[in-house]
Amino acid sequence: MDLDQFKTELKTKLATDHINRSDSDIEQLLKKKTVSFIDKIKKSLWFEIIIGFILNFGFVYAAFDASMHSMRTYFGVFSVLMYLFLFFLIYLLIRTNKIKSSDQTIKENLSAYILLIDEFIKRYLQLTMALIPISIIFAGYLGYTDGHTDATMNAYNSGYQLGAKMNGLQFTIFISSFIIFMSLGIYGMYHFTKWYLKKLYGNYLSDLKNCIRELEN
Amino acid sequence: MAQQEFVSLLKTHQNVVHKVCNLYMDQHKDREDLFQEITLQAWKAFQSFRGDAKFSTWLYRVALNTAITFYRKEKRSPAIYTTDELPEMGSQDSPDPIEAQMKAMYSAIGDLSKIDKAIVMLYLEDYAYQEIGEMMGITANNVAVKMNRIKTKLKEQSQKYMEQA
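Listed in order, the protein sequences are those of chains Y and W.
The first sequence begins at 1 in our numbering and counts up one residue at a time.
The second sequence begins at 218 in our numbering and counts up one residue at a time.
Hints should not be assumed to be uniformly reliable.
Claimed, not checked - Restricting the straight-line Cα-Cα distance to at most 25 Å, the calculated cross-link-like pairs of lysine-lysine (DSS-like) are:
| no. | chain 1 | residue 1 | chain 2 | residue 2 |
| --- | --- | --- | --- | --- |
| 1 | Y | K7 | W | K261 |
| 2 | W | K228 | Y | K31 |
| 3 | Y | K7 | W | K370 |
| 4 | W | K271 | Y | K13 |
| 5 | W | K377 | Y | K32 |
| 6 | Y | K194 | W | K368 |
| 7 | Y | K11 | W | K372 |
| 8 | W | K261 | Y | K40 |
| 9 | W | K370 | Y | K40 |
| 10 | Y | K33 | W | K261 |
| 11 | W | K377 | Y | K107 |
| 12 | Y | K33 | W | K228 |
| 13 | Y | K11 | W | K377 |
| 14 | Y | K107 | W | K368 |
| 15 | W | K372 | Y | K40 |
To be verified - A few chain W residues that don't get close to chain Y, going by computed Cβ distances all over 12 Å:
| no. | residue |
| --- | --- |
| 16 | A321 |
| 17 | Y346 |
| 18 | N359 |
To be verified - Just some of the chain W residues that point at chain Y, by a computed CB distance under 7 Å:
| no. | residue |
| --- | --- |
| 19 | K228 |
| 20 | K236 |
| 21 | L329 |
| 22 | I332 |
What the hints contain is simulated information worked out from the structure, not anything from laboratory work.
Predicted model, so just to flag it, every value in this text is computed and none were measured.
Ideal Cβ positions, reconstructed from N, Cα and C, are used throughout, including at glycine.
Based on the provided sequences and hints, a complete structural model is requested.
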């Protein structure tokens, strides 16, 4: 049997299996919220921008108000980084708004979706990963240079005494274990973030990529 | 005013949206969601509709774009057209061979990919390969090649459904 044999019947079947909507039904629909993927990303971006601004307000406050020099530097640097992140989020939001119209060709529409989601995932991963070593190195460095409170001094002293009691081999094992532990942490964090992003956007993105591939074949 | 004009045009051409929903979604709830999404996307894009093309052609483009990129939050069973879901097409025990072939063809179309479904949809609407190409963003030759492949696929697949029945 051939598709052309059933052309008219199929067309009729597809067109008749529904209840007709009235003017007021359609007007009601226009008041509802869209559930498109782009709108999901837009909502997520808005949420992150708002949270980012609130956090940054706290960071700037801490950068000026904290009593310890290390804390002021730490929060000052992070508020700058957070501003960069916010600029990036706003840039993505502007790009997302540009592709809201779905009356372009199917290939163009798919390409626009793929480009946007790809960039969103890539930059999100890059920024998240960049923050981890910056936080660790920075926290370690500042803690070392600004450990003036009684508690931190005691901790340093006990650490120092412990270090002094160690022989070369023990110290090497201690440092190696520390590096391995940190590396595993970063590695785990990297894969967790990748997995999480794939879970959120990965399957949808590969669906869209398959569609484009199919169009091009 | 624009909203009234849009509502009136959509009401007149709602068959286009229903056809796309019926082709892409097998469950009533999903069809309703897709209908709503297409309506909203069409309304958003309506400002860019200048009347160069027919409203129905423009609406097909918006509807197919929305259906292809439609995101379902809740996972339901895969979109397979089972013959049980087509009550208007006659009873299961119907001896009519034409009707059985129709059901098989309908099920075979349900198995197609999203892109192939879009091409079949436009082909059923008697759009020329050139017009289908313009909507899809590919050449008319490419559409012709794809259409041949789809027809072969549908023939084989519907045959399988017939044998199973």
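Task: Pair hint outcome, Y:K33 versus W:K261 [Cα-Cα no greater than 25 Å] - done: This hinted pair holds, its Cα atoms lying about 12 Å apart.
Open item on the list: Need the status of pair W:K377, Y:K32: alpha-carbon distance at most 25 Å?
Closed with: 42 Å, violated
Open item on the list: Please check whether W:L329 passes as an interface residue: C-beta within 7 Å of a C-beta belonging to chain Y.
Closed with: At about 11 Å, which exceeds the 7 Å cut-off, the nearest Cβ of chain Y leaves the hint on W:L329 violated.
TODO: Compare the distance between the alpha carbons of Y:K194 and W:K368 with 25 Å, and conclude whether the hinted pair is satisfied.
DONE: Since the Cα atoms of Y:K194 and W:K368 sit roughly 40 Å apart, the hinted pair is violated (cutoff 25 Å).
Task: Restraint satisfaction for W:I332 [CB to CB of chain Y, less than 7 Å] - done: 5 Å, holds
TODO: For the pair we were handed, W:K228 and Y:K31, check the Cα-Cα distance against 25 Å.
DONE: 16 Å, holds
Open item on the list: Need the status of pair Y:K33, W:K228: alpha-carbon distance at most 25 Å?
Closed with: 20 Å, holds
Task: Distal placement of W:N359 relative to chain Y, Cβ over 12 Å - done: Violated, since 8 Å does not exceed 12 Å.
Open item on the list: With the threshold set at 25 Å, check whether the alpha-carbon distance from Y:K11 to W:K377 stays at or below it.
Closed with: 22 Å, holds
Open item on the list: Please verify whether W:K372 and Y:K40 have alpha carbons no more than 25 Å apart.
Closed with: Measuring from Cα to Cα gives roughly 39 Å; hence the hint is violated.
Open item on the list: At 12 Å, judged by beta carbons, does W:A321 keep clear of chain Y as stated?
Closed with: 7 Å, violated
Task: Given pair status - W:K372, Y:K11, alpha carbons within 25 Å - done: This hinted pair holds, its Cα atoms lying about 17 Å apart.
Of the hints listed earlier, those the structure fails to meet are numbers 1, 5, 6, 9, 11, 15, 16, 18 and 21, in rising order.
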